[in-house]
Every structure is written in C-alpha cells, then in structure tokens.
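Listed below are the residues making up each chain.
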Amino acid sequence: MTPCRALALGLLLASLAACSPTWTRVDSAGRLETKTKDYSVELPLGWVKNSANSSDLFITRDGPALNYIVVNRQPHDVKLPHTQRETRADMLPHELAELALAEWKSTDATANLEVLANTPATLGGQPAVRLHIRYQNERGLPIERVMVGMVDAKGRLSLVYEAPAIVYFQRSLPAFEAMVTSVRFQAP
Amino acid sequence: MRRLLIGALVAALALPVQADITPWASAAETRELAPDEKSLWQEAGEFDQALVRAGKVNPDPALTAYLQGIIDRLYPEFKGRIHVHLLNAQHINAFALPNGSVYVNAGLIARFQNEAQLATVMAHEGAHFTHRHSLQQAEQVKNAAAFALVVAMLGVPLVGDLVALSSMFGYSREHEREADEIGYQRLVAAGYAPRESVHTFEHLLAEVKAEDIQEPFFFASHPKLQDRIDSYRELSRDANSGEIARERYLDTTAALRLASLDADLAAYRYKQHILVLADPERRREYPPEAAYYLGEAYRQRGEAGDLERAEREYRIALETAPQFAPPHRALGLLLYKRGDKALAAPLLRRYLDLAPNAADRGYIEHYLKDLAP
Numbered sequence: 182m183t184p185c186r187a188l189a190l191g192l193l194l195a196s197l198a199a200c201s202p203t204w205t206r207v208d209s210a211g212r213l214e215t216k217t218k219d220y221s222v223e224l225p226l227g228w229v230k231n232s233a234n235s236s237d238l239f240i241t242r243d244g245p246a247l248n249y250i251v252v253n254r255q256p257h258d259v260k261l262p263h264t265q266r267e268t269r270a271d272m273l274p275h276e277l278a279e280l281a282l283a284e285w286k287s288t289d290a291t292a293n294l295e296v297l298a299n300t301p302a303t304l305g306g307q308p309a310v311r312l313h314i315r316y317q318n319e320r321g322l323p324i325e326r327v328m329v330g331m332v333d334a335k336g337r338l339s340l341v342y343e344a345p346a347i348v349y350f351q352r353s354l355p356a357f358e359a360m361v362t363s364v365r366f367q368a369p
Numbered sequence: 043m044r045r046l047l048i049g050a051l052v053a054a055l056a057l058p059v060q061a062d063i064t065p066w067a068s069a070a071e072t073r074e075l076a077p078d079e080k081s082l083w084q085e086a087g088e089f090d091q092a093l094v095r096a097g098k099v100n101p102d103p104a105l106t107a108y109l110q111g112i113i114d115r116l117y118p119e120f121k122g123r124i125h126v127h128l129l130n131a132q133h134i135n136a137f138a139l140p141n142g143s144v145y146v147n148a149g150l151i152a153r154f155q156n157e158a159q160l161a162t163v164m165a166h167e168g169a170h171f172t173h174r175h176s177l178q179q180a181e182q183v184k185n186a187a188a189f190a191l192v193v194a195m196l197g198v199p200l201v202g203d204l205v206a207l208s209s210m211f212g213y214s215r216e217h218e219r220e221a222d223e224i225g226y227q228r229l230v231a232a233g234y235a236p237r238e239s240v241h242t243f244e245h246l247l248a249e250v251k252a253e254d255i256q257e258p259f260f261f262a263s264h265p266k267l268q269d270r271i272d273s274y275r276e277l278s279r280d281a282n283s284g285e286i287a288r289e290r291y292l293d294t295t296a297a298l299r300l301a302s303l304d305a306d307l308a309a310y311r312y313k314q315h316i317l318v319l320a321d322p323e324r325r326r327e328y329p330p331e332a333a334y335y336l337g338e339a340y341r342q343r344g345e346a347g348d349l350e351r352a353e354r355e356y357r358i359a360l361e362t363a364p365q366f367a368p369p370h371r372a373l374g375l376l377l378y379k380r381g382d383k384a385l386a387a388p389l390l391r392r393y394l395d396l397a398p399n400a401a402d403r404g405y406i407e408h409y410l411k412d413l414a415p
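Sequence lines, in order, name chains P and Y. According to my numbering, the first sequence is numbered sequentially starting from 182. According to my numbering, the second sequence is numbered sequentially starting from 43.
What the hints contain is simulated information worked out from the structure, not anything from laboratory work. Not one of these hints is a red herring.
If you only want the chain Y side, here are some residues facing chain P, beta carbon under 10 Å, derived: (1) L375; (2) K379; (3) D402.
The list that follows gives simulated cross-link-like pairs (lysine to aspartate or glutamate, DMTMM-like), each with its CA atoms no further than 25 Å apart: (4) K379/Y x E284/P; (5) K260/P x D304/Y; (6) K251/Y x E284/P; (7) K383/Y x D271/P; (8) K313/Y x D258/P.
All residues carry an ideal CB built from backbone N, CA and C; glycine is no exception.
Construct all of the structure, not just a fragment, from the sequences and the given hints.
And the structure:
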C-alpha cells in the first residue's frame, strides 16, 4: 500500500469511527449522571447509553425500536421542532401538557393519538406534568409513551419513555419510574 | 439528498405527456389491464392497505357514503370503480391513486362551505383516474435518464415510489390542466353550480396565505392558484346556475368540521380558525360552540389584545352553549392566571360538573385547591 493510500484509508476509518454512535452499557460505576451541573439522574442498570445522541441522555434496553428513554434539558428559547413554540417559566402545568400534546399531534407519525392520562406530577421536588399516550406508528403498530416534564427559570426538563404497547411498554415501565424518582436538582 | 432525488423525479414527471394512452370511457374498460398498469394498480392497492393499517382512514360509514355519492354523481359510468376514502388528516389535500381510490382529507372538507365546492375537487381527482394520468407518468418516467439513478439511490420499488410521488406530490402541469378541464365539465354535467368552483380555489388561496405556506402537496405542480381562479371564473362566467347543496353539506359534515376544529387546535394550528371563524358569514356555518374554538385560537396566537378577544369569545360560548364544558374551563383558567380567584373557582367547578371524566381533572382539582379560601 502506498503512503498516500494508507493515509486515505486511515482518514476514512477515522471519519467512520467519528460518525458511529458510541454505545456503553450502564453499570453501577457509571450509573449516576450529572448533567449541565444542574440536575442528576440514576440510569437503570443493564441499559445501553448512546453518547452520540444530541439529547442530554438517550438509553435503551433492547434497541431503540423496542424501548428507549430520552432526557432533555433545554432553555426556554429553543423552539420545539413541530409547533415552533417556546416554553416559558410561568407556564402552568396543564399548559406544558397542552404544548407537549400539540407537539406530538403536529406530526403525521402519530396516528390515532389517544391520551391515557394527563395529570399533575412532581419532578425533583418541583411541580411537573405526567402525560401517557398511545398512538399508531406509520406501520400501524400501537406505541405507548410517557413523559414527565417541568419548567423552571432555567428552562424545561423532560423524561420520555416509549415502547410498543404490546409486551415491551409494561416491561420497562418500572425502570422509567425509578429514573423519574431519582431526578435531583443541584443547589444553585 | 432524498429531497434532491425526489426533485429530479418530479422534474422527470413534468416532461410532455404520452399521447397514446386513451382515457377510459367506463368502469367496464378497466377490467383488462396491461401488465404495467396492473402493476401500478397492485401497488396502489398496497398503498390503500398501508393507510388503513396506519390508522389514517376514517371509517365513518355515513360520511364515506356521502362522499361516495358525490363521486358517483360526477362519474356515474364509473360507479363501483372509483372509491372515495376519508383521511384523518388536517392538511388541505386530496389525491387519486391509479386504481380509482380517491382520498379526501378531513381538513379539506372543513374548509369548504357547500357540496359544490367539494365536488369541484373530487371531479378533478376523478379525472386523474379516468384519464390514466398515473400510467402516463409511469411511461414518461421510464424514459427519463434521471430515473434509473433516482431509483437506485432511493432503494425503493419503482412503482411504489411513483404511486406516492404522482398521487401525493402532484401530477405534471399538463395533467393538472386536463383534470381541471375534465373536472369542470363533470361538475356542470352533474348539475352542480359551476360558479362555486371559483370559491373552491379562493378558499384554498386564503388558506395558503393565512398559513404562509408556499405550496401544499395538492398544488405541488398545479398551475398557480390565482391563475386557476381566473380560468374557472372565465369558464363559469356564462354558466347556468346549478345545485350548491349548502344545507346538506353543512348538516352532513357538521360533526366532522367541529372535530376538525378540535384537532387543529390540539396541534396549535390556529391561523385558519381565526380566518374562518372571525368571518361572520362563515361563523354561521358552525354551531354556537364555535365561539369557544375561536377563543382558543386567539389564546394560542397570543398577540396583543388576543387574551381579551379570547375572553369575549369564551363568554359568548358560555351564553350560547351553556352545557358545553370547555369554555367553562378556558375562562376559568384565564381568570385563574389573571388572579381573579373568586371568579375562576365557580367556572372550574362547573367544568368538572359538566365533564366529570375530563382527562385533565387532576390539574383542575389541583388549581381548585389553590383557589380555596
């Protein structure tokens, strides 16, 4: 192999490595995640974390098509992708729930969206919303999704769990509930 | 990349029309299909099934029968061959598949004022089927140099993508003109008021302007809406009067149009509601509950003075439809946010009385605790 070819191959391999997502299994040593020096959350053991995802956290147990949990902490002025709306610190919990639903209903990928529960909740000791929905994806498969979210002066925080309604949703729901309970905000 | 490739394919579809594919004269002629056309029909059938599986088709038998009656009146010799389906989608869209399936979006029905206006769109879509525009486009595309590359890069079956492209992204401009002409003739022959066809496109243009959108799918390669309004006006200038069927349309579609308001607002699509419901003439097409939906649209828009406008509409709804729960909630929450606790509490309690199984009961009870003296 000529030096030039070797260099080209090396660059190609390096770029491929850079593009590929980094998956790491969650073990007891790396379980506690502290994000943006603002909040911490405990991840379920044995799940797999994708560190290349643009969200704060993206984890799955059996693969993203079968279950995943995504966590996002964003400032209010980052617009939501479908409705192009921003959140506000003075939003009442039901207004946040309404906006989350509007965001989900604004895409054709969620047919027959049905709200199974929409209730006040707490997250890290602060007032929050809990939304539980069911919809059909583009292949007709029933999917269930739970979101627990809140707003404060700094922005919004949401934890979303999604899985096919049959078998998978119930199976990993306790792991999600434990994760929600583990959220702690750091003292300013 | 995919968008670029689809663009190349759409450009290929805009090539001159094949002249040797003759239109069908009746349903009987569709019994024997050439292999290429058979393949198109098969793919279209699969597309039909995929839409059902994905929960996109509204199965309401009364509404479907009503829509079917309109197309059968427009194309009586194709009765049993053209099948109309109602799609649970709010975008202003309609499309025809090569096998005679015609899809009409709920959002399109919600925008029109009478049957003649809807019939204008359905007559146009029926013409795409009877004049075999999908097959013509398939033949054109086969000859396009870009097509092999497109198919290879997209990695999708030729016909499946073609069905989706020609049906949903729009046909060529020539096909659209032809469908306009044939559709207009069918509208007149069926006894509908030809002048309503002008209003059909005026509504669509108003919608496009209100939403500040460039081109919805239905119009992707259509002639400009203003040009079509002008040409339909010219065509219908000396036309005889015909049936408008306003009452029948409003009665049959009342529940769908109300549900459409709900679905739009749930997705924060409020602009068209303000466009329609703030117009006193259009407002009369809706039941008293419409005041609540207009109030919600103002609240969602959130411009200066909109909260006051919303409050006014909520109060109108409370007066004209006192058993309708949502305006009690909406006004109660507006007053709660404003700090008018004494006024908010009875409204929220009344809301829970009227809607004991409300999905948001937990929030309302939470706010009521906060309002307790």
